[in-house]
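Given only the sequences and the hints, what does the whole structure look like? Please build it.
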Amino acid sequence: MLLLMSSLLFMIAFMLMYLSPLLGVKQDMNYEKSTPFESGFDPQGSGRLNFSVRFFLIAVVFLIFDVEIALLLPLMIVKLSGYYWTWGLLSLYFLLILTFGTIYEWKEGALDWKIWLFSLKKNQWFTFISTL
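First residue of the sequence shown: 478, per the working numbering; consecutive thereafter.
What the hints contain is simulated information worked out from the structure, not anything from laboratory work. One thing to keep in mind: the hints can contain errors.
[As the list claims (entries may be wrong)] With a straight-line Cα cutoff of 25 Å, these simulated SDA-like cross-link-like pairs (lysine to any residue) come out:
(1) K556 <-> V544
(2) K584 <-> L540
(3) K556 <-> I574
(4) K584 <-> L534
(5) K556 <-> Y570
(6) K584 <-> L572
(7) K503 <-> I489
(8) K584 <-> V538
(9) K584 <-> F542
(10) K556 <-> L566
(11) K584 <-> V537
(12) K584 <-> F571
(13) K584 <-> F528
(14) K584 <-> I546
[Unchecked claim] Cβ pair distances, simulated, as ranges:
(15) L566 <-> L493: 23 to 33 Å
(16) I535 <-> M494: 43 to 53 Å
(17) G559 <-> N527: 53 to 63 Å
(18) L552 <-> T579: 12 to 22 Å
(19) N527 <-> F487: 37 to 47 Å
(20) Y560 <-> V502: 48 to 58 Å
Ideal Cβ positions, reconstructed from N, Cα and C, are used throughout, including at glycine.
Here it is as structure tokens:
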């Protein structure tokens, strides 16, 4: 039964994936679509903004640890149900993952902002400030 349901799920997913381009609205790229909107000025440079990799790394680390903390919350239900050994082992497992993850990030230097900021030379410092 499980095999039948999972194969049916994959078949539906693949059918939708392959039928989507056929049934979707075709995009028409012509001169009018690619001109600037309303102002009439041609854009100068690219529309991309510089983003510091350090901030991205901190955001990813935050999301990983935030998900692990959210996984700790249902453990209170396990504790209330009377499975104390299960609760203890699962809590220890998640806390060890959090601890080792933090130690790894610390050793890799992802959390050392001072060392990174003071290693910048004068001309790099202004470039760094302008990217913020």
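Status of the hints after comparison with the structure:
Using a Cα cut-off of 25 Å, the hinted pair K556 and V544 holds, with the two alpha carbons roughly 20 Å apart. Distance check on the hinted pair: K584 and L540 sit about 19 Å apart at the alpha-carbon level, within 25 Å; holds. Proposed proximity of K556 and I574 is supported: the alpha carbons are some 20 Å apart, at most 25 Å. For the suggested pair K584 and L534, the alpha carbons sit about 14 Å apart, so the restraint of at most 25 Å is met.
The suggested pairing of K556 with Y570 holds, with an alpha-carbon distance near 15 Å, which does not exceed 25 Å. Under the criterion of a C-alpha separation no larger than 25 Å, the hint pairing K584 with L572 is consistent with the structure, at around 18 Å. Only pairs whose Cα atoms come within 25 Å are accepted, and K503 paired with I489 is accepted, the gap being roughly 23 Å. Restraint check for K584 and V538: the C-alpha separation of about 14 Å stays at or below 25 Å, so the hint holds.
Between K584 and F542 the alpha-carbon distance is near 17 Å, which keeps this suggested pair within the 25 Å criterion. For the given pair, K556 sits about 11 Å from L566 by alpha-carbon distance, which is consistent with the 25 Å threshold. Straight-line distance between C-alpha atoms of K584 and V537 comes to about 17 Å, which keeps the hinted pair within the 25 Å bound. Of the supplied pair hints, the one linking K584 and F571 holds, its CA atoms being roughly 20 Å apart against a limit of 25 Å.
Restraint check: the Cα-Cα separation between K584 and F528 comes to about 24 Å, which is no more than 25 Å; the hinted pair holds. Distance check on the hinted pair: K584 and I546 sit about 22 Å apart at the alpha-carbon level, within 25 Å; holds. Take L566 and L493: their Cβ atoms lie about 41 Å apart, and the range 23 to 33 Å is violated. Separation of I535 from M494 is about 35 Å and departs from the stated range, judged on CB atoms against 43 to 53 Å.
Between G559 and N527, the C-beta spacing of about 55 Å keeps the proposed range 53 to 63 Å intact. Against the hinted window of 12 to 22 Å, the Cβ-Cβ separation of L552 and T579 comes to about 19 Å, which satisfies the hint. Taken as a hint, the range 37 to 47 Å holds for the pair N527 and F487, whose Cβ atoms sit roughly 41 Å apart. Y560 and V502 have their C-beta atoms about 53 Å apart, which keeps the hinted 48 to 58 Å range intact.
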